Amino acid sequence: MTHILAFAEQRGGALRKVALEAVSTARGLADGQDGEVHALLLGAPGIAAHAESLFEYGADVVLVVEHDGFAQYNAESASAFVADRIASGAYRAAIFAASAMGKDLAPRVAGKLKTALASDVTSLAREGDAYVVTHPTYTGKVIATARLLAKPALISVRPGAIPAIAKPRTGRVEKVAPVGDPAKSRVVVTETSTSDSKKLDLGDAPVIVSGGRGLKASEHFHLVEELADAFGNAAVGATRAVTDEGWRPHSDQIGQTGRVVSPDLYVAVGISGAIQHLAGMRTARTIVAINRDKDAPIFKVADYGIVGDVFEVLPVLTKAIREAKKAQG
Amino acid sequence: MRIAVCIKRVPDMDVKFRIAGHAKGVDETGLKYDMADFDGYAVEAALQMMEKEGAGEVVVVSLGPDAVQETLRKALSMGATSAIQLKCDEVPFDGFAVASALASELGGATYDLIMFGRMSTDNANGVVGPMVAELLGLPVVTACSKLEIVAGRGTARRELEGGAEFVAFDLPAVVTIDEGIARPRYPSLKGIMAAKKKPLATKPANLPEPRLVIARMDLPPERKAGRIVGEGAAAVPELVRLLQQEAKVLA
Amino acid sequence: MASSNAVFLIILVLAAAVFSFSAQRLVRFLRLGQGTHRFDALPRRIVNLLTIGFGQTKILRDPVAGTLHALVFWGFVVLQLGAIEILVAGVVPAFSYADLLPVPVYRLFLLTQDVTSLAVLVAVSVLLYRRLVVKPRRLQGDQVHGGDAILILSLIAALMVTLLLTSGAERVTAARAPAIVQPFAAALAIVLSRMPDSLLSALHGVSWWSHALLILVFLNYLPYSKHLHVIVSLPNTFLSNTSGPGTIGTMKAMDLDAETEQFGASDVTHLSWKNLLDGYACTECGRCTAACPANMTGKPLSPRKIVINTRQRLSEVAPSLVGADDPMSALPMHTGPRDDTDSGARDRRLLDHYITEDELWACTSCRACVYECPVSIDQLEIINELRRNLVLTESRFPEEIQPAFESMERNGTPWAFPASDRAKWAEGLDIPTLAELLERNERADVLYWVGCMGSFDERAQKTTVAFARIMKHAGVRFAILGQEEACHGDPARRMGNEYLYQILAKQAIETLDRYRVTTIVTACPHCFHQIGNEFPQLGGHYEVIHHSTYIEQLLADGRIALADPVAQRLTVAYHDSCYLGRYNAIYDAPREVLRRSLPVVALVEPPRTRDRGLCCGAGGGRMFMEERIGERINVERKKELLATGADAIAVACPFCMTMLADAGKKLDSSVTVLDVAEVVAQHLAEGVTAVPRDVA
Ligand SMILES: Cc1cc2nc3c(=O)[nH]c(=O)nc-3n(C[C@H](O)[C@H](O)[C@H](O)COP(=O)(O)OP(=O)(O)OC[C@H]3O[C@@H](n4cnc5c(N)ncnc54)[C@H](O)[C@@H]3O)c2cc1C
Ligand code: SF4
Ligand code: SF4
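Residue numbers (our numbering), protein chains in the order written: chain A, 1332 to 1660; chain B, 23 to 273; chain C, 2 to 697.
Bound conformation, chain A alone (with noise of 0.2 Å):
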């Protein structure tokens, strides 16, 4: 029980940005203390060559399973395995990611294992015998301070919360053989699809980029498109001004008379913040508004605003975003 373990998420055979977060994580536990980190990869054939990245933000050693049936995630076999592996008893505590996948999968695990879970932590730090966590609650407006006292404690880290940081470490490549078919399912995926090629609903999308009126004419509105574009996660709206001139459909409408939306991010540009368009998007996470006039009232309700002319700002924030997209790979 003096080992932990990192779930090192991959897709498409790439290494996940949030795997190295979860190493990192798990490298700041085991510092100090006796005990090394070992991640945990799952694969296709071949995936066993991302184990350098892996060493190099502090894994000791990397668990590798080379199978074609964890090509993609599946569920039910990958939970199994890394239940299984938590269960052969060496481990005190396990990090995965709140990603989308790890969300899904560290419940499943925590569940066979029959403990308990702390999910989408910000933060933690070991205190005796538990782990301290914090977890952000009531939409952020609450953050929780809680106790683990489960043996081991599985623990599943919000994206982005603690940075991966580089600690290299002369780790080793420990092949695992799979347990069972890792291709069996009760749950068969039968299509996929990428955001790219399906327009994300407005009521889905983590990112809201919306136009009003500043956009002068129809012809304007591929700038917000662009900027949707570049976040990858977002869909695009409008105002009511913009649906009446018929410049995007009355189902991209805002407000309330359209859509009710609360994304993590939303992006006013060209919007005045009229009561019945702040009524459909003010409970938003994170509101930036782009606007010409300084006292335009979307900036009351804005947590970042940028004074200026969309025609100006918005070709360079797009590129800005892009780019920092990219860097996060």
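The set of hints was computed from the structure by calculation and includes no laboratory data. Keep in mind that the hints are not guaranteed to be accurate.
Below, simulated PhoX-like cross-link-like pairs (lysine-lysine); rule was C-alpha separation at most 25 Å, straight line [to be verified]:
1) K425(C) with K1625(A)
2) K1625(A) with K666(C)
3) K1650(A) with K1547(A)
4) K46(B) with K1482(A)
5) K218(B) with K507(C)
6) K1625(A) with K463(C)
7) K1631(A) with K218(B)
8) K54(B) with K1472(A)
9) K425(C) with K1631(A)
Since the model is a prediction, treat every value here as computed from it, not as a measurement.
With chain A fixed as given, assemble chains B and C with the ligands onto it according to the hints.
Just chains B and C with the ligands, lined up with the frame of chain A:
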């Protein structure tokens, strides 16, 4: 088809929370309570499936003190058939404890489908659904934004980062529901009256000792509203930095 | 002539019997409706009967057709006396008023009959010409019975012709009075006197019989015609809802604890008997629809259709409901089922089969229809009852109002803003809350009820602050409720959600009573109407004053010092709010405020103004619904206001403010929209206090 929907009573989030004197929770004075958002979608989706089939049962289950009866009644007024309260003084923060209590109730009956919201809007742990599935040995599909059951077989659409996947599975199963599936109906007065006469059973909750316990609740440092980052394109780098490092919305 | 008298007696008795049967049948149908008390407020009812009924005040709002119709109406009243003489004389040949009345009175009687019959003949001819040749738009559509109208008008013309002929022929044989009191009959007599005696007596016989029989035919045709209004309109006016400014337009009280599964109306049997009587009374004149903002901007709503549908549906279903009692159920009636072969009358209902959801949700509750109706029909009550059913019984409504309902429940305001933000506008303005005053053992003279728009809407907050500044300036000791204020539920009520409304209204009453509030001022006409006129239904009694009235009073009392308005020349068009105007007859106060605050102001009026004012489009919960069909009402109204050439548009309602400002953006207009309070606040003489502030 027999469907169970597990729902949670949570405060309305559109308020400024205060921390209670004991520092282990929010000050409840003045808060308005309702069914958690995702649970509302789940109830609506369940009712639509029952209505489509023209037969069946939707049982709503909630763990908590007597106040949860109000939430259960709301689900009944929307059209659920019956309700079960798993009574305890306080809902533990530990999702596993909650899942154990629910599983011990749900495992005793035969449901074709057990539904949850993707997560509760207060604790936002999002773990109870899959844990119940594991405890009951059932297949689970998380974060469904579309769900259809035809002849004992389910198909669902799941929202992923940057995409979606479509899955098929056999019943019985557990599903957790994401936004976008269906907007919860507004109960009619007729429904509210009818709900008063529907069965609501109260049983003691079979809770294990929680192993994830709140030590403290705090308010995050207040972010200054309406901060103008700067003027024109020159302000873009600073904005991007803030989005990355302060708001953390560029992950 | 004894035998012919006997024959006439038989005919008369038969006609009376048939009429009585028809009338009873109609009354039985009415009884299918729900109960409602309509014998309270007698003085008001009598005044309505005399003015709207006999005085034809509403009819006369249309100067041309109205005058003609009023002539026909008054003619009918006058000619009733003659008709009685004729019918009695048919049985008792010797009968004549000449033997009963003093000579001058009898001569006056003859004169009125003679002149009236010709006047009616002329009026009816013009009306026929209008129907047949001019065909005004308001008389088309909604399945109105054009043919019926023409038949009736022709009948009346025939009645008048036969009456004149009879009197003329009588004058030839035995003139009972000088020609001067029967000028037209006398003129006819000159022509008729050239006839041989036999022909003349035959002509007299034929015209007398035709006239007498036509009266009876007319009487018996009415119950099956839209001209039933001839009989029903006066009682309908007496029984109407319009009991005077202040209580006009209060929505019907509703008992939600009643043991029922039906809330509101989905069919005629859920409506009150008065709503059904409205159906009988409707003249299909279309004045309501012509004034309806929804209708004129291309929405499917037509208040006339609502009323006609109510009558149609009643005639369709009532016979089968009164069952064996109704021997006429076998007969097809002109207002009968749309498809006589269809036996499924009971499977249909008023909602959906006659009146669609789109019609019901298009209503802005502006009351233009009710106001215009010459026979005091309450179209809006039917619409509201149907809306109540949609929401309370069936949970059917435009999806965008669900968030408004939910927000009212959770946040105490239809806009999704947290209750804790309600008093943000007052930060730093040193405005006490009642709670603070109570703590300091002080009292306020008035409570300023700010309202949800005034509290949360960025634009309306400016009005809120302006009014607060005026009161401070005038030394008014006022306070607000602060975070204890919450929506009174009026939007929910107007949208049919009586359940939510009563919860919120009762909470508001509890808060107000806790502070023993007696006098309230508010800048919102909807708050003004709801708290002042509808809260009494739930036991809340307060004196509520709209800010336009309040400011006018402060100005009149010299409590506001205005800066010298040098070079301030402004042409202002004032837009009437429905809930201030038609609901509460407040037209002059806001105009007076403008005049007094700006001595050099020129007030201009759009063509539709005061009680004819066109709605801004926000009432009846329309503020929370998308306007998908037709033109935008606010744009239509804004165009009218802009056409006056005004430099600014003044309003006295935050809803009107939003709608007209929004329309302005759409029309690319730079004409500002200002609240009357803002106009005054802009000209306050800073530093000068008219009356020293009274510190308690
Ligand atoms: C009943 C009703 C329901 C409504 N429902 C909704 C609804 O559901 N959703 C909704 O959005 N609205 C709704 N509205 C309309 C709402 O009141 C506003 O009119 C609308 O939101 C304004 O849209 P906008 O901000 O795009 O336009 P505007 O208010 O005209 O604002 C344009 C903004 O762009 C800025 N701008 C102009 N040019 C530039 C530039 N070159 N660079 C940067 N900034 C620039 C201006 O400063 C201004 O602030 C409703 C209105 C009513 C009456
Ligand atoms: S109240 Fe106004 S909108 Fe409604 S039907 Fe009457 S005239 Fe039309
Ligand atoms: S309801 Fe009144 S105004 Fe409307 S058509 Fe009938 S009589 Fe005329």
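Structure-inconsistent hints, enumerated in ascending order: Hint check: 7 fails alone, others pass.
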